[in-house]
Structure formats: structure tokens, C-alpha cells
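*Asks:* What follows is each chain in one-letter form.
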Amino acid sequence: MTTAAVRNAWYPVGLLSGLSLDGKSSLLLGEEITVFGSRDGVPEVESGGRALPVVQRFGHLWTSLGYPGKDLFTIPEADHPDRTLVDVGVVRVKCSPLRAVENFLDIAHFPFVHTDILGAESHPEVRDYKVEIRDEVDEVWATKVEFYQPQAAKSAGGGITTEYMYRVPAPTCCVLYKTCPPRPGEWDVIALFVQPLTEDLCDVWPWMALFDEDSTLTELIHFQQLIFVQDRSILENQIPKRLPLDPAMETPTRADLTSVAYRRWLKRQSYTYGAQLVAE
Amino acid sequence: MAADTDARWVPIAVSADIPNGTVVPARLPTRMIAVWRAASGDLYANADRCPHRGMRLSHGFVRGQTLSCIYHGWRFGSDGACQKIPAHPAVEPPNTINCGPLPMTEANGVVWGAAVSPAVAPDQFTGHNALRSLVIAASVDAISSACKGRRVDGTIRAQLGGQNTILLMNDYGSGEVQVIALVPSGISAPNGMKVSTALEVLRRTAEGMGDAA
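Chains as they are written, first to last, in the numbering used here: chain A, 1 to 280; chain B, 1001 to 1213.
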């Protein structure tokens, strides 16, 4: 369902480095859009003869079908000049954009879906962590998330207990901050920007800002793509397709408190695109 | 289309296609199910949906006498009850968490499933055994007509590849029919292959008939 909250949100529609001067057709919330690169000015997005608002940030072009009341969020931690910024590219997934975000917020699946990379079956426990909806910024945050990982990042030599923070700054975007093996005290930043094509089809644009001096860009991209292809095998096989906002339809546990808060936050702002409000 | 709540047996798979320690997806007319064989050889069926996050359980894995979801490893027993939530090793799962076990039975190398336990056993086909299963995108009428078959009690009897073949029908109700072919017990592998080839021809013929059938 396309509510004001849905239309007025910012969405990623392409990599700034990959825009076409001739224009490229795409979909946003089921509506046709055309994304144009620009040789010297600002890229443009058009829908039904109307020019849509645009923002260039995090290596991506962002637009909205409505009238965004606030600026696109920022990720100050990603500004450090030593960071490698990685445009991973796009992964098309036949799932609700909200299911894609929720999967990204979940750590309990690491041992089973990303076996011996992000998790190990011998260490499946999710210890209690802190979740809150920060009203002053209208974002969902999960902090003090700890998990044992056999190979937490391309730059991790072996198994470590990784600390995570999760942030949902917009309904179809999430940012993950995680322990950075080569730089104790700093956080690696991995974000997922989701473009809702329809309620059950999305383009996922992962983006990273890492401290990693040893891996090539290609290696970093391959690592993240491997992880995401493993996630896709889950996301395309969940029933129902749309994310149930009715708590009775699924069975959350303490490990799922981030997703519980995310669903509650979506419901509160009437963000229902890709969601299912009642059991069918 | 028959109601899913019918207490009747529906042919859903060939026994030999589900070795010990594996799980496969199958269908009753109105719902997806997961059919799995424990290490002991016992066969079980339940809803093809994990109650936790809705993941298809047919993508999961079987260990010992349990089926686990591939998403978070939730482990279910033969009674459908959740036995283990790996993220919380110290927690005993409440007995309200259940993946919905369904009745099933095996006879003549065919796996039969039902939404509600039928009062009687499925039909017996003495002297015949399951050869293979295939899905045909055509109506039962078109399939019957394409093989010049005879309709007997919901089955089609036909000569296929030179053998007296019995075709069991699982009509999905969506324009597709799962056909399970039974052939005389003990036929040779080459003769089984001939029937299999004839079934492929039958599929193409029935699908080519369209609405004309």
C-alpha cells in the first residue's frame, strides 16, 4: 500500500558511477522511472514527464516519488579519509524490500546461512543486546550485539567475537557497524540500500566503508556478493512474501528483538509497502 | 478443486526419491508441504513453512530423527514440536511452537499425504510399483486422452512403453497435474526406461492439446 510515508521516503536508484547519459528505465514503488546521468551537472530522474527530487550520497543516486520532508540520512563514521568506499553493485531479489532489510538486521542466521564465514554451527548463541527506537532521530538502533564469527571480514585472520551495532535510518535502508579487525576502536560500515521495485521485488544496493589495506576492491566485492547470494536463497523462499506486521503470524524470540522493533516502527509510521498487516 | 480439508489420500511422491536423511517439497491441492525421511527410514510430512520466519522447511536438513530449518536451525521432531532454538541453547522451546505435522503413508513405492487423517488406507495396487513422478501442465482429461487411457477410480490405466501402466493423479488445481506412474513389479531397467520415455512423450502430447482436449 502506498501511503504518504512510502511516497515521501528517499530511495536508491543507481550507482553514481554507473549512470547512463541516455537514461535507464527502472521501477520505483511499481511506477516507471528513468534515471539519467549527466556529463557535468546533476543526474536526473523522471517519472511520467515529471522531474523527481534527487540527492547524490554514499556513491548512489537517490530519489523520491513524493515530497521528502527531511534530508536523506548521513553516515558520519563513513567520512574518514582512510576508508575504502566500496560500491558493491546491485542484487535483484524476488522478495519484499522489508524482508531484505529485516534479514540484514538478523544475526541468528549466520551459522546456518553463512556457515563458517559469518557464523559457525558450534557457536549459534545470540546473547542479549540492547534495542531502542530513538525518537529524537526517528531511527531503530540495536547495540551491544556480540557474535562469534569464523571469518568476520575479508580482513579478519581467523575466528573472533565481533561486536555489532545496527541502525535503521529509513524504512528500506540499514547500516551495520562492526568490529574492524585491523583498527581496534574503529567500526567497519556496511550498509544495505534497498530500492523497492514492487512489493515483492527489489534491487538491493550494498555499500561499504571499510578499513582494509590488504584486500583488492574486487576481493571485497566478491566477499560481500557471496554473502548476499546466500541470503537471497532465503529471501526468495519465505512465506508469505510480504513482511507480516501482525506479531501473531510469526514467532519471534529474544534474538529477534531488532526485527520486532523494526516492524513496530514501520507500523507506527504507516510504512506498509511490502508489508502485510493481517493474516491472509 | 477438492477442498484441502478432505480426509483423502493424495499421491505426492515416489518413495525412492526420498532417501534416508533428506527432505523434499511436495503439494497437496491447496498447500505446500515438506516430506522428510529420518535416518531410521521413517517418513514424515509437515507444513512447508517454519513458524519462526516463514522459511520453507523443504530447504532444510535432516539429522537423525529431526528436521531443521535452514534459516536459523530451529529443529523439529516427528510430532512437529520444536525441540531446539540454536540461538538460545539454554531455552526449552515452548510446546506451542509446532510446524504442523500431516498424515502420510507409503504403499507400492508411493508416498501418500493428506490434510486430515483419512479413515481408510490408500488404494492398493498389488503387483505394481512406482516408477517415477512428473508434473504435466494439462488437465486430467487431456492426459487421459493423450495416452488413450481408461479412467478407473481416479486413476488412468494405459499401455505405455509396452507395459500395463497405472497413472495416479495429484491435480494441483492450477492447470498442473502431478502424475505418478506405477509399472508391473520387477520389470527390467531397460523396460522401465521405455515407460519413462513414453511418459515424456505423453507430457508433450497432453501439454500440446491445450483447451482442445
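Derived from the structure by calculation, the hints contain no laboratory data. Since we're looking at a predicted model, the values are computed, not measured. The C-beta atom is built at its ideal place from N, Cα and C for all residues, glycine as well. Among the hints, a few may not be true.
[Stated by the list, open to error] For lysine to any residue, the following SDA-like pairs were computed, each having C-alpha atoms within a straight-line distance of at most 25 Å: (1) Lys241/A x Ala1119/B; (2) Lys1084/B x Thr253/A; (3) Lys178/A x His114/A.
[As the list claims (entries may be wrong)] Reference excerpt, derived from the structure (chain A facing chain B, CB under 7 Å, subset only): (4) Ile75; (5) Glu236; (6) Ile239.
*Asks:* It remains to establish, for every hint, whether it holds in the given structure.
*Replies:* Hints and how they fare:
{"no.": "1", "hint": "Lys241/A x Ala1119/B", "result": "violated, 35 Å"}
{"no.": "2", "hint": "Lys1084/B x Thr253/A", "result": "holds, 12 Å"}
{"no.": "3", "hint": "Lys178/A x His114/A", "result": "holds, 16 Å"}
{"no.": "4", "hint": "Ile75", "result": "violated, 28 Å"}
{"no.": "5", "hint": "Glu236", "result": "violated, 10 Å"}
{"no.": "6", "hint": "Ile239", "result": "holds, 5 Å"}
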